[in-house]
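Undergrad: So you can see what is in the structure, the chains are spelled out below.
There are 2 protein chains.
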Amino acid sequence: MEFLSGVKEKETWELSALLAEDAAGRMVKTNGAVHAVRDMGSVAFVMLRKREGLLQCVLEKSETGISAKDFKEGQTLEACGVMQKNEKACGGMEMLLREVKILSQPAEAMPIPVSKWKMNISLETNLDMRPISLRNLRERAKFKIQEGVVRGFREFLSAQGFTEIHTPKIGAKGAEGGANIFKLEYFHRPAVLQQSPQFYKQMMVGVFDRVFETAPVFRAEKHNTKRHLNEYTSLDFEMGYIDGFEDIMAMETGVLQNIMRLLEEQYGKELALLEVTLPKTEQIPCVRFDEAKRLAAEKYDRPIRNPYDLEPEEEILISRYFKEEYDADFVFVTHYPSKKRPFYAMDDPSDKTFTLSFDCLFRGMEITTGGQRIHDYKMLLEKIAARGMTEEGMDAYLMAFKHGMPPHGGLGIGLERLTMKLIGEDNVRETTLFPRDMSRLEP
Amino acid sequence: MEFLSGVKEKETWELSALLAEDAAGRMVKTNGAVHAVRDMGSVAFVMLRKREGLLQCVLEKSETGISAKDFKEGQTLEACGVMQKNEKACGGMEMLLREVKILSQPAEAMPIPVSKWKMNISLETNLDMRPISLRNLRERAKFKIQEGVVRGFREFLSAQGFTEIHTPKIGAKGAEGGANIFKLEYFHRPAVLQQSPQFYKQMMVGVFDRVFETAPVFRAEKHNTKRHLNEYTSLDFEMGYIDGFEDIMAMETGVLQNIMRLLEEQYGKELALLEVTLPKTEQIPCVRFDEAKRLAAEKYDRPIRNPYDLEPEEEILISRYFKEEYDADFVFVTHYPSKKRPFYAMDDPSDKTFTLSFDCLFRGMEITTGGQRIHDYKMLLEKIAARGMTEEGMDAYLMAFKHGMPPHGGLGIGLERLTMKLIGEDNVRETTLFPRDMSRLEP
Chain S
5 MEFLSGVKEK ETWELSALLA EDAAGRMVKT NGAVHAVRDM GSVAFVMLRK REGLLQCVLE
65 KSETGISAKD FKEGQTLEAC GVMQKNEKAC GGMEMLLREV KILSQPAEAM PIPVSKWKMN
125 ISLETNLDMR PISLRNLRER AKFKIQEGVV RGFREFLSAQ GFTEIHTPKI GAKGAEGGAN
185 IFKLEYFHRP AVLQQSPQFY KQMMVGVFDR VFETAPVFRA EKHNTKRHLN EYTSLDFEMG
245 YIDGFEDIMA METGVLQNIM RLLEEQYGKE LALLEVTLPK TEQIPCVRFD EAKRLAAEKY
305 DRPIRNPYDL EPEEEILISR YFKEEYDADF VFVTHYPSKK RPFYAMDDPS DKTFTLSFDC
365 LFRGMEITTG GQRIHDYKML LEKIAARGMT EEGMDAYLMA FKHGMPPHGG LGIGLERLTM
425 KLIGEDNVRE TTLFPRDMSR LEP
Chain D
5 MEFLSGVKEK ETWELSALLA EDAAGRMVKT NGAVHAVRDM GSVAFVMLRK REGLLQCVLE
65 KSETGISAKD FKEGQTLEAC GVMQKNEKAC GGMEMLLREV KILSQPAEAM PIPVSKWKMN
125 ISLETNLDMR PISLRNLRER AKFKIQEGVV RGFREFLSAQ GFTEIHTPKI GAKGAEGGAN
185 IFKLEYFHRP AVLQQSPQFY KQMMVGVFDR VFETAPVFRA EKHNTKRHLN EYTSLDFEMG
245 YIDGFEDIMA METGVLQNIM RLLEEQYGKE LALLEVTLPK TEQIPCVRFD EAKRLAAEKY
305 DRPIRNPYDL EPEEEILISR YFKEEYDADF VFVTHYPSKK RPFYAMDDPS DKTFTLSFDC
365 LFRGMEITTG GQRIHDYKML LEKIAARGMT EEGMDAYLMA FKHGMPPHGG LGIGLERLTM
425 KLIGEDNVRE TTLFPRDMSR LEP
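These protein sequences, in sequence, are chains S and D.
Whatever position you read off the first sequence (first residue = 1), add 4 for our numbering.
Whatever position you read off the second sequence (first residue = 1), add 4 for our numbering.
For reference, chain S alone in the conformation it holds in the complex (with noise of 0.2 Å):
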């Protein structure tokens, strides 16, 4: 009988081995893919991708059988050779080839120049060709980056005591109702796709006091802009024992803080190759909503046009206003009006037409909605009969508040958003690994 007793030590070195300064006239082994060949004459450069970056590969033809013209843009192999140092060399260091075997060949050239530092095609065709397009490392670079937002989330909340939960996707009924659901068929009856986790995560807060959750929402609005998506994963926590909604946002800033210290620590070649410069975490300025609306608009010389929205400019204009006079890159705008908000926010006690909520604003775009929940049952219920709105499909919602809620609060991060605003590209599709928008369904 054969046996399997874990993970193997592989022949084959990974980068950060063969970069290490020790690996220097060691004749080792290594895979990757052919990401470009550069043929010299008497010399060619054989430029592997790896998954922690590119490897540079010598090919002095006098010395070996080996052929440029055996290379091809989009082959794997599997490589051997003597490592040496080469200041000019990414990494410092590369590899002599001694001998070269194929594992794989491409069927066809690469249509687009994958190897480029840009590779100057329109987002249309990147994200068409998406499954070649992100072989370019700067590409693939932005979604390691997403990578660390989201451990840097996940990591934080679990040392705060917050418990991971995974709600469903399909429902009866939406958690905000409106129009902008999917709507689907489950085995002959009318089922929806969940445009958040927001009702099954409270009902959490019942079980755990706290919970997070990371996973996709699904949001039929008929927006096609540079900043909405249908489909998008959804960083969400919910808290119970809040003394305030001040809590929730300072649970965010410390996951923000977080966010940013891992992506230093751990994804510094990343944010270097995108030329990242992290934004400030350590103070974010909280500001009440209708203040914010004044000072942008007194600032800016903007009249306000509705006083119970942000339009677009605005959450620019509010985020540059606290950019020039405090240098902050995030800020908390708080109290939205009430009506703006869904039926279970919880209304200020001194001014019930606003909430106790918050956006959160990060480089002129929101990233997140959050604020205090209602928690107490006659109060919900009602806030849904003053809103005209029926209990029906609520009964389980209803249930946990029914039996003893504690004061709660959560929000939502759109990681897609957070992940543009920090590397600076300007659509959120650039940084969504396959997006689902109005027009489009694949790949």
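By construction, these hints were calculated from the structure, which means they are not laboratory data.
Treat the hints with care, as some may be off.
Since copy identity is lost for identical chains, a pair holds within one copy or between any two.
[As the list claims (entries may be wrong)] In silico lysine-lysine, BS3-like type, Cα no more than 30 Å apart, as pairs:
#  : residue 1 : residue 2
1  : LYS14     : LYS382
2  : LYS76     : LYS387
3  : LYS76     : LYS382
4  : LYS187    : LYS226
5  : LYS187    : LYS230
6  : LYS284    : LYS187
7  : LYS382    : LYS105
8  : LYS120    : LYS76
9  : LYS177    : LYS226
10 : LYS303    : LYS92
11 : LYS120    : LYS382
12 : LYS356    : LYS14
13 : LYS303    : LYS105
Keep in mind the model is a prediction, meaning the values are calculated, not measured.
With chain S fixed as given, assemble chain D onto it according to the hints.
TA: Coordinates of chain D only, in the frame set by chain S:
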């Protein structure tokens, strides 16, 4: 201007601090939900449910103005009191109540015995009342263990150089095709919910070499059994540059070892609560599909009815065989027949009626399906043609192969099934927060 600078320490103590040796004799503050009240006459016990467990609070009526009648199951409150040692209390410490502030009141009495060790309610009732039935300590513990499983999966793969990805759940076409697929309308176009991230994770092997995803998958299977869900959380990984499909099983072995290590180190309380004995993962036996069928048939005198598939009963017998003969809790069954595997499975070059694929059985049930995939473009086209399938809608998937893909493979682990077998449940709904099956769409 107000600023937020991160999470502030709270006055209220968490359970681990309350139960520490040096808390004895100290006057402290905490909060929680009233889990149970036992009025003994001159003294009453209030069990406070906190996220880490229970705190016994003692109310000596003569000493405070508080009455036992003030407490109700489901209340949430803030309590001040003096910690004292009591060997009989859970955790060896209790709080002598001095002051109590009610944070929220339940509107109705608890309809199920949430505070009992075992609730003795039907699974149907349990699932219907999920928001409160999960407040039972044993119910809650199942999902803490589930959290540990996911953490163990992610942590191990991150350390092994895998990148976490987020792929779309709405698409134009399913990865595996077939009838078991939920359909929806996407802005007047037909769309489907993904049955698995298969195509996407394979495409991303060409970008990151190694990827994983922990996300929901959707299967419109008309099986209403104890082992089927129509939406579940799939733990997927895919890895390039493999030497053979044994590399994938070795990686899963490492994942399972890490999960068990993490559970043992950090989830001891929950394991004890549910009386879980962790399975052995040091060495996992590996047996060919046809050999496994033969061994089970011979030892348990059961005729082989279908040589191309494993019946659930055969999975049970194969697991039993390896438990009895090798004291193994997991077993890899390899070389499944080609006709029962999807088109992208790599056939065994030595006998093309079998594939380089495997299932992992755990205590009688399949929890993983995996294997090596075809990486050669022409071979993939030939297989698609041989199956009478169409390439339509697979442009992006095929594009990855056209431009070169390394030898690769991967697997998907059903999170709920793994958790179920780990804690000894016999219905996968027991280890799903909010299950979706043919008849259940709520809560």
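Undergrad: Taking the hints in turn, state whether each one holds.
TA: For each hint, the structure was consulted:
For a Cα distance limit of 30 Å, the shortest separation of LYS14 from LYS382 across copies, 29 Å, qualifies, whereas the shortest one inside one copy, 63 Å, does not. Within a single copy, LYS76 and LYS387 get their C-alpha atoms only as close as 66 Å, which misses the 30 Å cut-off; across copies the closest is 25 Å, which meets it. Taking the closest pair of Cα atoms, LYS76 and LYS382 come within 30 Å of each other only across two copies (17 Å); inside a single copy the shortest separation is 69 Å, beyond that limit. With identical chains, the CA atoms of LYS187 and LYS226 are at most 30 Å apart both within one copy (15 Å) and between copies (20 Å).
In this assembly of identical chains, LYS187 and LYS230 lie within 30 Å of each other by CA distance both inside one copy and across copies; the values are 24 Å within and 27 Å between. With identical chains, the CA atoms of LYS284 and LYS187 are never at most 30 Å apart, being 41 Å at best within one copy and 44 Å at best between copies. Taking CA atoms no more than 30 Å apart as the test, LYS382 paired with LYS105 passes between copies only; the shortest distance there is 20 Å, against 72 Å inside one copy. With identical chains, the CA atoms of LYS120 and LYS76 are at most 30 Å apart within one copy only, with a shortest distance of 15 Å there and 68 Å across copies.
With identical chains, the CA atoms of LYS177 and LYS226 are at most 30 Å apart both within one copy (20 Å) and between copies (22 Å). For the homomeric pair LYS303 and LYS92, neither the shortest alpha-carbon distance inside one copy (50 Å) nor that between copies (66 Å) is at most 30 Å. Proximity of LYS120 to LYS382 under the C-alpha cut-off of 30 Å is restricted to the inter-copy arrangement: shortest distance 28 Å between copies versus 62 Å within a copy. Taking identical chains as interchangeable, the C-alpha atoms of LYS356 and LYS14 lie at most 30 Å apart only when they sit on different chains, with a minimum of 28 Å there against 64 Å within one chain.
In the homo-oligomer, the alpha carbons of LYS303 and LYS105 never lie at most 30 Å apart, since the shortest distance is 65 Å inside one protomer and 46 Å across protomers.
Hints 6, 10, 13 from the earlier list are contradicted by this structure; the remaining hints agree with it.
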